[in-house]
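These protein sequence lines map, in sequence, to chains L and C.
Per the working numbering, the first sequence starts with residue 306, numbered consecutively.
Per the working numbering, the second sequence starts with residue 13, numbered consecutively.
Incorrect hints may have been included.
[To be verified] Partner residues aside, some chain C positions facing chain L, computed with beta carbon under 10 Å: (1) F71; (2) Y108; (3) F158.
[Unchecked claim] Pairs of lysine-lysine residues, derived as DSS-like cross-links and limited to a Cα-Cα distance of at most 25 Å, are as follows: (4) C:K80 <-> L:K486; (5) C:K154 <-> C:K115; (6) L:K450 <-> L:K413; (7) L:K407 <-> L:K538; (8) L:K538 <-> L:K413; (9) C:K154 <-> L:K450; (10) C:K115 <-> L:K450.
No lab work stands behind these hints: they were computed from the structure.
The beta-carbon is built from N, C-alpha and C at its ideal position, and this holds for glycine as well.
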Amino acid sequence: MIGKKLSRREVLTAAGAALLTLAPGVKLVDLAVAASKTANASKDEATDNLVRWGMLVDVNKCADGCTDCVDACNDEHGLRGQNNHNSRPETDAQYIRVLDIKDKTTGKQYSLPMMCQHCETAPCVDVCPTGASFRREDGIVLVDKHTCIGCRYCMLACPYKARSFVHENLTDQVPTTPRGKGTVESCNFCVHRVDRGEQPACVEACGKLGHQALLFGDMNDPDSELSRQLREKSTTQVRDDLNLNTGVRYYGI
Amino acid sequence: MTMPADDKKLTFLKFRDQSTLGGEMLMYSLSKQVAALLGLCLAGISMAADYSDGFVADFRPDFPAAVKGEQCVAPVEVMRRNHMMLLFHQRDRTVYFGERATKYSLSGCLSCHTQRDTQGAYIPINAPGQFCQSCHSFVSVKIDCFECHATMPRQRAVFKRTAVDEQN
Numbered sequence: 306m307i308g309k310k311l312s313r314r315e316v317l318t319a320a321g322a323a324l325l326t327l328a329p330g331v332k333l334v335d336l337a338v339a340a341s342k343t344a345n346a347s348k349d350e351a352t353d354n355l356v357r358w359g360m361l362v363d364v365n366k367c368a369d370g371c372t373d374c375v376d377a378c379n380d381e382h383g384l385r386g387q388n389n390h391n392s393r394p395e396t397d398a399q400y401i402r403v404l405d406i407k408d409k410t411t412g413k414q415y416s417l418p419m420m421c422q423h424c425e426t427a428p429c430v431d432v433c434p435t436g437a438s439f440r441r442e443d444g445i446v447l448v449d450k451h452t453c454i455g456c457r458y459c460m461l462a463c464p465y466k467a468r469s470f471v472h473e474n475l476t477d478q479v480p481t482t483p484r485g486k487g488t489v490e491s492c493n494f495c496v497h498r499v500d501r502g503e504q505p506a507c508v509e510a511c512g513k514l515g516h517q518a519l520l521f522g523d524m525n526d527p528d529s530e531l532s533r534q535l536r537e538k539s540t541t542q543v544r545d546d547l548n549l550n551t552g553v554r555y556y557g558i
Numbered sequence: 013m014t015m016p017a018d019d020k021k022l023t024f025l026k027f028r029d030q031s032t033l034g035g036e037m038l039m040y041s042l043s044k045q046v047a048a049l050l051g052l053c054l055a056g057i058s059m060a061a062d063y064s065d066g067f068v069a070d071f072r073p074d075f076p077a078a079v080k081g082e083q084c085v086a087p088v089e090v091m092r093r094n095h096m097m098l099l100f101h102q103r104d105r106t107v108y109f110g111e112r113a114t115k116y117s118l119s120g121c122l123s124c125h126t127q128r129d130t131q132g133a134y135i136p137i138n139a140p141g142q143f144c145q146s147c148h149s150f151v152s153v154k155i156d157c158f159e160c161h162a163t164m165p166r167q168r169a170v171f172k173r174t175a176v177d178e179q180n
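Just chain L, same shape as in the assembly (with noise of 0.2 Å):
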C-alpha cells in the first residue's frame, strides 16, 4: 500500500482543523488545500505519493494489426532515429510491443500492448546494485542513466522481459528522453509528458484513431476514470502471483 507518513505538522494541522471552523462546511485547512492543488500545475512542484499513475489495457478494443501505440512510443523517445546508422532491429530498444497471444485450447486470440508494468514492489529497483533503477513517489519506475552502470541485472530480474539495453552509440536524441549506449532503459509512463499534465504518447495515439484501448490515470484518486473502470470491471494483473502490485492492469486476458 502506498500510505503517507503523516509528520508531526500534519498531525496537529488536522488537530487544529478540528476546532478551526470558520463557517459550516468551510475549514481553514480546506482553503489551504485547496490553495496547494493551484500550485501543483507549476512545473518546479515535486512529484508526491497522493498520486499514483497507472493505465488500464482494455485488451478487447485493442485491434488486430494495429502498431500505432508502438509506433507512437518510438517517435516519442526517438528510439528509432532516422540518421542512426548504427540501428538493428534485433536488439535496439522497445519500450512497448504488441503481442499476439492464442488460446491453444479455446483456440481464441487476442493482441495486447506490453510494457513496463510499474510495479509497486519493483524486482529490478530490488535487484539494481548501484540505486538507478528507482520508483518515482508517484509510482513510475524508472532509470536514473547517469548512475546505471549497464549490469543488465534488473532485465534479468523483470518477469515481463520490458526493459532494453542500449548497445550502439547514438546521436540525435530528442531532448526529452536523454538515452546513450551502455544503460538500460524501458518505458518510463512519458514521465516528461506527465509532468507537464499530459497522456502518455501511446495512449493518446491510441485514443486518435477511436480504439480507446488505453486509459491513463491516478489509481489513488477514487474520482478517476481509471478508478472508476477498476473498480467496475474485473481486470487483471500479469503474473499476479508474484504479488507485485502492477501498475498496469488488463481487461479481458
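Given the structure of chain L, go ahead and fit chain C onto it with the hints provided.
Chain C only, in chain L's frame:
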C-alpha cells in the same frame, strides 16, 4: 524494497545542496568583494605595465554569442564558474522529483546557445567552435553530457506523418 533507496537519494541530494551549491554561492558573494580589491590592484599594475584589453582577450576561447536573450539565467561570473553545479542540481531534482523548470536545465542552455547554419539547420552545440565545446576544449575538459543528451532542439520528421515537427 523501494523506500530505503529513496531515503538514500534524499540524504545525498540534501548533502549536495548544502555542501556544494550553497558553498559555491557563498564563494561567489565573497569573490565579488575580493574581485573589487583585486580589480583596484590590477588597475594600478595595468597602468604601470601598459597591458591592453587585447592582450587579455587573446587568452580567451572564441565562442558564438547567445542567439536569443540579453541576460543568462545567472550573472556571467556565476555561470562561468558554477554552471556545472547548477546543471547537476537541476538534473537530480528533475530525475527524482520531476521538477522540470527549464531555468537551469540543459535544454534551457540549448534554447539560447544553439546556432543555425546558413540553411537554417541547427548546429550541434558540442561541435567544434560551438558554445559548449569551445570553452571545454580550451580548458581541456572532456564532458560526456552529449553522449546521451540532445545537442540541439528537436527537429525531425514525425513517424507516419510527413510534416517536419519542431519542438522546443
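Taking the hints in turn, this is what the structure says about them:
Nearest Cβ of chain L to the Cβ of F71 of chain C: about 33 Å, over the 10 Å cut. The hint is violated. Against a cut-off of 10 Å between C-beta atoms, the interface hint on Y108 of chain C holds, since the closest Cβ of chain L lies about 7 Å away. Satisfaction of the interface hint for F158 of chain C is found here, the shortest Cβ-Cβ separation to chain L being roughly 9 Å, below the 10 Å cut-off. Restraint check for K80 of chain C and K486 of chain L: the C-alpha separation of about 32 Å exceeds 25 Å, so the hint is violated.
The suggested pairing of K154 of chain C with K115 of chain C holds, with an alpha-carbon distance near 24 Å, which does not exceed 25 Å. Among the hinted pairs, K450 of chain L with K413 of chain L is inconsistent with the structure: their alpha-carbon atoms are about 41 Å apart, more than 25 Å. For a cut-off of 25 Å, the pair hint linking K407 of chain L to K538 of chain L stands: about 23 Å separates their Cα positions. Among the hinted pairs, K538 of chain L with K413 of chain L is consistent with the structure: their alpha-carbon atoms are about 21 Å apart, no more than 25 Å.
A threshold of 25 Å between alpha carbons decides the hint, and for K154 of chain C with K450 of chain L the separation of about 19 Å falls inside it, so the pair holds. About 22 Å separates the Cα atoms of K115 of chain C and K450 of chain L, which keeps this hinted pair within 25 Å; it holds.
In terms of the numbered hints stated before, the structure departs from hints 1, 4 and 6, listed from lowest to highest.
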